[in-house]
Amino acid sequence: QQPVQSPQAVILREGEDAVINCSSSKALYSVHWYRQKHGEAPVFLMILLKGGEQKGHDKISASFNEKKQQSSLYLTASQLSYSGTYFCGTEILPGNMLTFGGGTRLMVKP
Amino acid sequence: DGGITQSPKYLFRKEGQNVTLSCEQNLNHDAMYWYRQDPGQGLRLIYYSQIVNDFQKGDIAEGYSVSREKKESFPLTVTSAQKNPTAFYLCASSNDRDSNQPQHFGDGTRLSIL
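Protein chains in written order, with our numbering: chain A, 1 to 110; chain B, 1 to 114.
Bear in mind the hints are in silico, worked out from the structure with no lab data behind them.
Think of the CB as a built atom: it goes at the ideal place given N, C-alpha and C, for glycine as much as any other residue.
Any given hint could be a false lead.
[Stated by the list, open to error] List time: in silico BS3-like cross-link candidates among lysine-lysine, alpha-carbon distance up to 30 Å: (1) B:57 to A:50; (2) B:9 to A:68; (3) A:50 to A:37; (4) B:83 to A:67.
[Said to hold, decoys possible] Derived CB-CB ranges, DEER-like: (5) B:57 to A:77: 23 to 31 Å; (6) B:62 to A:77: 42 to 50 Å; (7) B:83 to A:39: 21 to 29 Å; (8) B:110 to A:26: 45 to 53 Å; (9) B:5 to A:51: 21 to 29 Å; (10) A:92 to B:60: 14 to 22 Å; (11) B:11 to A:9: 43 to 51 Å; (12) B:16 to A:58: 19 to 27 Å; (13) A:13 to B:83: 23 to 31 Å; (14) A:61 to B:79: 39 to 47 Å; (15) A:8 to B:8: 40 to 48 Å; (16) B:83 to A:8: 27 to 35 Å.
Sequences and hints are given; from them, build the entire structure.
Put into structure tokens, the structure is as follows:
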């Protein structure tokens with residue numbers, strides 16, 4: 001029931017791009033993306049709703065493929081500040097509880 | 001500024017002891033949540049509450065208890081029945097009237113066994 005995130009970890013050089021995937025075995029209503037720095041609270045990035053929309057936030061964007069029950073987070077021209085663990089949270093029905101994936105650890109090096 | 005306040009930041013529990021973690025929010029959110037995070041792992045839901053005086057068990061409720069007597073407060077008690085309480089505990093809230101709203105998290109409480 002927990003969504004599966006891939007890869008589990010990725011190391012980038014500043015300026016490189018990355019893609020993080022979140023896959024579910026169940027039909028999804030929405031996918032939420034968060035970033036957590038070590039020892040800190042998760043910070044909200046964006047929500048994608050059923051309908052296959054794509055959203056962008058500065059150089060971070062995401063898509064939701066309803067047919068594949070998968071969401072992808074795209075980090076373009078990565079910055080040092082992008083380092084952290086990225087979590088997806090999936091929602092099966094509106095107003096239902098989020099189930100979080102195991103996280104993807106991203107490290108951006110100079 | 002609106003936000004979620006968790007206290008204490010660090011907590012130590014003796015064997016057989018109950019401890020209570022505080023969570024207060026001034027965002028006027030209806031829904032509140034408690035998550036447990038183990039090192040290198042994702043967030044697992046312990047309890048959640050969508051309205052005052054009502055709450056439901058999450059995936060790992062055994063050994064924990066909560067109350068929701070006020071809209072702004074959702075304390076979590078880690079009981080002696082929880083044999084492996086060492087973890088990072090996160091409280092969150094959201095405006096449950098619209099499921100398009102994000103969850104806002106507190107800074108967490110790190111609980112360890114003495």
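- prompt: Are there hints from earlier that the structure breaks, and if so, what are their numbers?
  reply: When the structure is compared with the hints, numbers 2, 4, 5, 8, 9, 11, 12, 13 and 15 turn out to be violated.
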